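Heads up: the protein sequence lines correspond to chains A and B, in order.
Going by my numbering, the first residue of the first sequence is number 1, and it counts up by one from there.
Going by my numbering, the first residue of the second sequence is number 1, and it counts up by one from there.
Keep in mind that a hint or two might mislead.
Claimed, not checked - One side only, chain A facing chain B, incomplete, derived with CB under 8 Å: (1) Gly60; (2) Leu62; (3) Ala81; (4) Gly92; (5) Ala139; (6) Gln140.
As the list claims (entries may be wrong) - With a cut-off of at most 30 Å between alpha-carbon atoms, the simulated DSS-like pairs for lysine-lysine come out as follows: (7) B/Lys199 x A/Lys111; (8) A/Lys222 x A/Lys256; (9) A/Lys115 x B/Lys199.
Said to hold, decoys possible - Interface residues of chain A toward chain B, partial, derived using beta-carbon atoms under 7 Å: (10) Phe15; (11) Ile79; (12) Gly80; (13) Pro95; (14) Pro106; (15) Ile109; (16) Tyr137.
Don't read these hints as lab results, they were simulated from the structure.
None of these values were measured; they are calculated from a predicted model.
Every residue gets a Cβ at the ideal spot worked out from N, C-alpha and C, and that includes glycine.
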Amino acid sequence: MPGSTIAVRQVRHWFGLAGPGDARRVSVLDGVSLDVASGEFLAIVGPSGCGKTTVLNMVGGLIDPQHGEVLVNGHRPEIGAPDIGYLFARDGLLPWRTAEANVALPLEIRKAARKDRHRLASQALVAVGLGEFAHAYPAQLSHGMRQRVALARTLVTGPNTLLMDEPFSALDAQTRLALQEQFMRLWQHQSSTVLFVTHDLAEAVALADRLVVFSQRPGRVKAEFPIDLPRPRSVTQLQADASYHRILQQVWDVFKSEVTV
Amino acid sequence: MASDAFQATATQDDSLDLSRSAPNSSPRRQALWRSTATRLGTVLVVVVVCLFWELTARERWMNPIFTGQPVKVLGSLWELIRGNMLWEDVAATVEATLVGVVAASACGIVLAFVLSRLRLVYAVVDPLFVALNSLPRVALAPLFLLWFGIGLESKVFLSASVAFFVVFLNTVAGIDSVDRDHLVLARSLGAGAWQTFRKFVLPSSVPSIFAGLELAMIYGFIGTVTGEMLAGQRGIGVRISYYSGLFRTNHMLAYLFVLMIVTTAIATMLRWVRRRLLRWQSAGVHQMVQ
Ligand SMILES: Nc1ncnc2c1ncn2[C@@H]1O[C@H](COP(=O)(O)OP(=O)(O)O)[C@@H](O)[C@H]1O
Ligand SMILES: [Mg+2]
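Only chain A is shown next, with the shape it has when bound in the complex (with noise of 0.2 Å):
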């Protein structure tokens, strides 16, 4: 299934202070565009509070923009549909079921065939390297395993959309690039989108494409580098590349200037 694109237009947004009923507004984006071709790895930096996982849930369906239009394969996106993958922070794992039910849930949720849920959710579970923890429960995993569980129940639908927000930001170093290694691996052979928000610029530079720096609230596109590190990459091997760390520090130059100001 080819990735599908994503068209962000002129998007503005703003949220009641205290709540949806608050005539305080708060303008949380501010003309944001955005374009992503199939098959793309976008990632979006930008200080804490500028909007990114606004955006995200924008182009998951969760919230429409107040002005502007945001489009997946030129349609409205829909809220739960199974071409999109959301990945957040925290794993969000059910403790009460094995590493294997976790995966199976979103089969489950759009009602697929039973054998199938069984069968898809090994596979994988295997992908992530988890094939002999299926029968464990979140208690007895690690929390790199348990980022890996939820990574697996996000591609075990096959999406062509992935949404990812800060996914691999809650784990300590070692895990971190071990994971982002991993998630290279799998998403190389295959071809979905990808939006990927991160505050970490290393990561961003390693995993992207492209890469878009939000403004300080309220969110605007500050500025957009392209990536031309060859593929496939290796998260580890870019480690010791000359080009992946002048590519990171002429971003890194424009990210203080707007960090700072």
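Please arrange chain B with the ligands on chain A, whose structure you already have, making use of the hints.
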């Protein structure tokens, strides 16, 4: 192919070794030893207390009318066990409690889930529930006796009135404690209201509901036995107040002993069911303890 490479990282960066919780000899055996020794200690305490008690009665340090006498209590127990009355009484007390608690729990759980969706209605009735729940329900016994007579119904309503609020309030607490991350996940997966309830809210409230059920059973017995002691035809409470009125202390104590066995057995059964249902809760404990 690709998965093989990932297996390597799986065991490398994650430090879980499931074999640690497998039965291996020496720590296991030590634990067994320790639990056997503890139980022997418990038995020893009981034996010592009973010996002292027996002595108190035999030597007339106190009048056995007040204290009873262990050997005679055993005699009464033996006599009662061979008759029919004891069994009918046990059946009557257990039946009233189970009917009351089961019915009240079902109502409590369903009402909690309904009211959690109708927050406005809940806000209206909440103060009434608080007031009713703080009323010592035993004080309702005369009213129930007036309405339903001295048969089964009064006892059932009394135990139900105690059990209902415990289960209701625990279920509400369980529903409110549902993890926000889980609700976000449910929404992002496009789960409908029924799926969100069935797969997210209900399972996460089970521990709390069970805590409520276990309490409700204990409270239910309090309700039933109190009702029986005030007025009744059959039941353990009826016999306790009857024999104490006749100063047949050993018979009364035999009934008390039976009551204790019955309630402990039921509480143990409930705890066993909970452990089976909630195995996932203790799944990580082995790992953390070691
Ligand atoms: N549902 C909401 N109601 C009110 N304010 C919100 C809501 N969601 C987000 N916000 C606010 O909007 C701003 C942007 O949020 P978010 O998109 O989560 O930022 P980011 O992910 O970039 O840190 C924040 O200031 C946040 O407090
Ligand atoms: Mg965010």
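**B/Lys199 paired with A/Lys111 [C-alpha distance capped at 30 Å]** = Distance ~13 Å between B/Lys199 and A/Lys111 Cα, so the pair holds.
**Request:** Classify the hint on A/Gly80 as holds or violated, based on whether any CB of chain B lies nearer than 7 Å to its CB.
**Result:** 1 Å, holds
**Supplied contact hint for A/Phe15, tested at 7 Å Cβ to chain B** = Because about 16 Å separates A/Phe15 from the closest Cβ in chain B, which is outside the 7 Å limit, the hint is violated.
**Message:** Can you confirm whether the C-alpha distance between A/Lys115 and B/Lys199 stays at or below 30 Å?
**Reply:** 19 Å, holds
**Request:** Would you check whether A/Gln140 satisfies its interface hint, that is, whether its CB is within less than 8 Å of any CB in chain B?
**Result:** 5 Å, holds
**Item:** Supplied contact hint for A/Pro106, tested at 7 Å Cβ to chain B
**Value:** 5 Å, holds
**Item:** Status of the A/Pro95 interface restraint (C-beta, 7 Å, chain B)
**Value:** With Cβ-Cβ at 6 Å, under 7 Å, it holds.
**Request:** Under 8 Å, Cβ to Cβ, is where A/Ala81 needs to be relative to chain B, so tell me if that hint holds or is violated.
**Result:** Nearest chain B Cβ about 7 Å off; hint holds.
**Asked** Holds or violated: A/Gly92 as interface residue toward chain B, Cβ cutoff 8 Å?
**Response** Cβ of A/Gly92 sits 4 Å from chain B, so the hint holds.
**Hint consistency between A/Lys222 and A/Lys256 [alpha-carbon to alpha-carbon, up to 30 Å]** = Measuring from Cα to Cα gives roughly 12 Å; hence the hint holds.
**Prompt:** Does the interface hint hold: is A/Gly60 within less than 8 Å of chain B, judged Cβ to Cβ?
**Reply:** Since chain B brings a Cβ to about 6 Å from A/Gly60, closer than 8 Å, the hint holds.
**Message:** Min Cβ distance, A/Leu62 to chain B: is it shorter than 8 Å?
**Reply:** 6 Å, holds
Hint compliance for this structure: hint 10 is the single one not met.
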